[in-house]
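*Asks:* So the chains spell out like this:
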Amino acid sequence: MSVADLHIEGVKSEVIDMARTRLMVPTFLFVIGFAALMVRLISIGIFEDISDQVVHAQSAKTEIIRERVDIMDRNGIILATNLPAPSLAARPRLITNPEETADKIVSVLPDLNRTWVVNELKSSRHFLYIKRNLSPTQVWKINALGYPGLILEEAEKRIYPQGKLASHVLGYLDMENKPQAGVEKFFNEHLSNPARSNDPLYLSLDVRIQHIMRSELARAMDKFSARAAAGIVMDIRTGEVLAMTSLPDFDGNGSLDPTAPEMKNRNILEPYEMGSGFKTFTVAMALDSGTVKLKDQFDATEPLKVGRRTINDDHAQERILTVPEIYTFSSNIGSSLIIRELGVDQQKEYLKKFGLFDRPVIELTGLSRPILPKRWGEIQSMTVSYGHGIGVAPLPLVTGTAAIVNGGRLIPATLIRKDNSLTSPAFERFYTEDYPQVVSPETSQKMRHLMRLAVEYGSGGNAHVDGYRVGGKTGTAEKVIKGVYSRKDKITSFVGVFPMDDPQYVVFAMLDEPRGTEDTFYKATGGWTAAPVVGKVIKRIGPLLGVASKVDVAIKYQNLILDDHQNN
Amino acid sequence: MIKVVMCFFVLMVMISAGTVYSLKETTERLEARKHQLSAEILKDRAAIKVLRAEMAYLSQPDRLQKLSERFLALTAIKSDQLTVSGPTSSPISSIAVRENLELVSFPVDDFPLLLPQEKPEFKKGRYNRPVQLISYPAMAAKKNPASRPKTVSFYDRISLKIGDGE
Numbered sequence: 001m002s003v004a005d006l007h008i009e010g011v012k013s014e015v016i017d018m019a020r021t022r023l024m025v026p027t028f029l030f031v032i033g034f035a036a037l038m039v040r041l042i043s044i045g046i047f048e049d050i051s052d053q054v055v056h057a058q059s060a061k062t063e064i065i066r067e068r069v070d071i072m073d074r075n076g077i078i079l080a081t082n083l084p085a086p087s088l089a090a091r092p093r094l095i096t097n098p099e100e101t102a103d104k105i106v107s108v109l110p111d112l113n114r115t116w117v118v119n120e121l122k123s124s125r126h127f128l129y130i131k132r133n134l135s136p137t138q139v140w141k142i143n144a145l146g147y148p149g150l151i152l153e154e155a156e157k158r159i160y161p162q163g164k165l166a167s168h169v170l171g172y173l174d175m176e177n178k179p180q181a182g183v184e185k186f187f188n189e190h191l192s193n194p195a196r197s198n199d200p201l202y203l204s205l206d207v208r209i210q211h212i213m214r215s216e217l218a219r220a221m222d223k224f225s226a227r228a229a230a231g232i233v234m235d236i237r238t239g240e241v242l243a244m245t246s247l248p249d250f251d252g253n254g255s256l257d258p259t260a261p262e263m264k265n266r267n268i269l270e271p272y273e274m275g276s277g278f279k280t281f282t283v284a285m286a287l288d289s290g291t292v293k294l295k296d297q298f299d300a301t302e303p304l305k306v307g308r309r310t311i312n313d314d315h316a317q318e319r320i321l322t323v324p325e326i327y328t329f330s331s332n333i334g335s336s337l338i339i340r341e342l343g344v345d346q347q348k349e350y351l352k353k354f355g356l357f358d359r360p361v362i363e364l365t366g367l368s369r370p371i372l373p374k375r376w377g378e379i380q381s382m383t384v385s386y387g388h389g390i391g392v393a394p395l396p397l398v399t400g401t402a403a404i405v406n407g408g409r410l411i412p413a414t415l416i417r418k419d420n421s422l423t424s425p426a427f428e429r430f431y432t433e434d435y436p437q438v439v440s441p442e443t444s445q446k447m448r449h450l451m452r453l454a455v456e457y458g459s460g461g462n463a464h465v466d467g468y469r470v471g472g473k474t475g476t477a478e479k480v481i482k483g484v485y486s487r488k489d490k491i492t493s494f495v496g497v498f499p500m501d502d503p504q505y506v507v508f509a510m511l512d513e514p515r516g517t518e519d520t521f522y523k524a525t526g527g528w529t530a531a532p533v534v535g536k537v538i539k540r541i542g543p544l545l546g547v548a549s550k551v552d553v554a555i556k557y558q559n560l561i562l563d564d565h566q567n568n
Numbered sequence: 001m002i003k004v005v006m007c008f009f010v011l012m013v014m015i016s017a018g019t020v021y022s023l024k025e026t027t028e029r030l031e032a033r034k035h036q037l038s039a040e041i042l043k044d045r046a047a048i049k050v051l052r053a054e055m056a057y058l059s060q061p062d063r064l065q066k067l068s069e070r071f072l073a074l075t076a077i078k079s080d081q082l083t084v085s086g087p088t089s090s091p092i093s094s095i096a097v098r099e100n101l102e103l104v105s106f107p108v109d110d111f112p113l114l115l116p117q118e119k120p121e122f123k124k125g126r127y128n129r130p131v132q133l134i135s136y137p138a139m140a141a142k143k144n145p146a147s148r149p150k151t152v153s154f155y156d157r158i159s160l161k162i163g164d165g166e
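Sequence order for the protein chains is D and B.
Under our numbering, the first residue of the first sequence is numbered 1, with each subsequent residue one higher.
Under our numbering, the first residue of the second sequence is numbered 1, with each subsequent residue one higher.
Chain D extracted, bound-state conformation:
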């Protein structure tokens, strides 16, 4: 059937035509409407975002931006980190019942004064802080109160989880989160750089060794009623400081008084007269320059009179002494005679080479310059030869001693862990890197024997530890009180090195104004007070540091020194 069959003619056909024409209008409108919808659909699909949810999601942080970088010890144990510690603030105008709100706040934060809180909440200010650094529990409780007028502001607080343990090395932040001391201040640029927020700073410290050093020093300080104490453990092959303690110390988490005595890091801050510890340098420079041989003898029968001064021996032997004997029995007369042979200029030159004339080198702030004699004549050079009349901080003494023992290379101390992984051992770096050679390896070898001798037979006997071949030198210096040397107040110290056949670590301990006890026959010398501390520390850290104990080697190192053929 075709369309033509349905054709209608006449008046009716006109009506139908008109109806068709009229129908065109809504059809046209419908088409336009759907076209618009389609255009919109396409445009939404291609050009526009569907929801405003996306805008929110994209503005969310994708990285933790911390205010400060973490500090770790060499094994990755946290020494300093940032934790969220929101502050409680209030908008007093939104608080309808200040008394009730204050009651609730005080019930959560009992250390606040209720009257003060009420007054604050009644004030006409728009915004005020009530308390900073809330703990997570307190935050939860404040939220549970549900007052719209109370606001918790996001904030971060520097936390030192180890408390007092490494406080002097780490330093602290003041109320405005500004670093005030220690590594925090020295590495502030690194630590406060948001781009490095996931790149913690690894120190060379070892928390365990730091703890051992600190506990042994604290025990000695208590036993000898000392005023203060300091201690260092350093790797002599790399210069890494494994422990650095200064007592009394502070807790970086609490509120601090920057002028308090416990804020001082005695290892770097205060120059002390170190006493006989300097004889190590004196003998080393005399042997190295070739002026003095090990078998040379010096007359220590009588006290030495130089000008108006008289130089005495504490452990007087009253006979002619060889160089090893002078060192072992810590003879002031002997070392004065040695330095007289050597001369003032050479002494100064060597001391400068050992780094004793400059500020100590380490990644800390507040390093002190040494106190040098104003006039350096013969008498001054003699007193300096046994560590009097010259004031240095403990750290340069430790680095200098390390240089003398490690083969004669002065390696600056560092607080940063060196990359001595198992694949690239530190030893390789030690032999390749260019450190200044301050004494010859042969002198270094002789000094090892001498230091071992001083512990075996001499004043450092209390530092002896079975199997660990400790060597070292004691130091006792009288303190200058009101311009006069005090007989009672002393600085005692001991620089120990172990194991002496292959020196690896230097351990230093110092006590400020120790008093003798019954155990020490009321003696307060370095040998009786500081040497036992070093001995105890070595006994505990030896196994931790992987130093194997050898019993048989000790005998070899006892006899070698008395039979020194290679020199003659």
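Among these hints, one or two may not hold up.
What the hints assert, rightly or not - Derived lysine to aspartate or glutamate pairs resembling EDC-like cross-links, with alpha carbons at most 16 Å apart:
1. D:K157 - B:E54
2. B:K43 - D:D512
3. D:K348 - D:E378
4. B:K49 - D:E67
5. D:K264 - D:D512
6. D:K141 - D:D103
Claimed, not checked - A few chain D positions that, by computed beta-carbon distances, are all more than 10 Å from chain B:
7. K352
8. R375
9. D466
10. V480
By construction, these hints were calculated from the structure, which means they are not laboratory data.
The model shown is predicted, which means the values in this text are computed figures rather than measured ones.
The beta-carbon is built from N, C-alpha and C at its ideal position, and this holds for glycine as well.
Following the hints, put chain B in place on chain D, whose structure we already have.
*Replies:* Frame of chain D; chain B shown alone:
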């Protein structure tokens, strides 16, 4: 013919527009999920940070030593208890020398690893401080039989009542 083609194209345009729309919507939903997840990861990381700080706080050597002295019968090792095994001084090769030992991880630091030389024998009288449990009141109450309520069997009670026991 033209009408058919037109219809086909219009249909195609509509379908593709619809597909693009639905694709876009799915993408955005996934993206929102992604952001939600990364926000959760951030939250978890912050929690891990707090936990790590707490771990460091709780494992302060000073605290551990005190706890060990109180609760464990361990004493400090003596220097002759440890030895370096094998001929070389390298810690890793010295372990590898030994059979039936597998290296699971490197030591945390680069210090050579020492191995125990002899097994310390536990002798009772050796430790001046014997191991003691702390006394909790609850535990003491449990141990003390006097404080426990006396239970009388049913048969006893009955016989008491009827006076059969006499």
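*Asks:* Confirm or reject each hint.
*Replies:* Hint check results:
no.: 1; hint: D:K157 - B:E54; result: holds (14 Å)
no.: 2; hint: B:K43 - D:D512; result: violated (49 Å)
no.: 3; hint: D:K348 - D:E378; result: holds (12 Å)
no.: 4; hint: B:K49 - D:E67; result: holds (14 Å)
no.: 5; hint: D:K264 - D:D512; result: holds (13 Å)
no.: 6; hint: D:K141 - D:D103; result: holds (13 Å)
no.: 7; hint: K352; result: holds (34 Å)
no.: 8; hint: R375; result: holds (48 Å)
no.: 9; hint: D466; result: violated (6 Å)
no.: 10; hint: V480; result: holds (35 Å)
In the structure shown, a violation is registered for the earlier hints numbered 2, 9, in ascending order.
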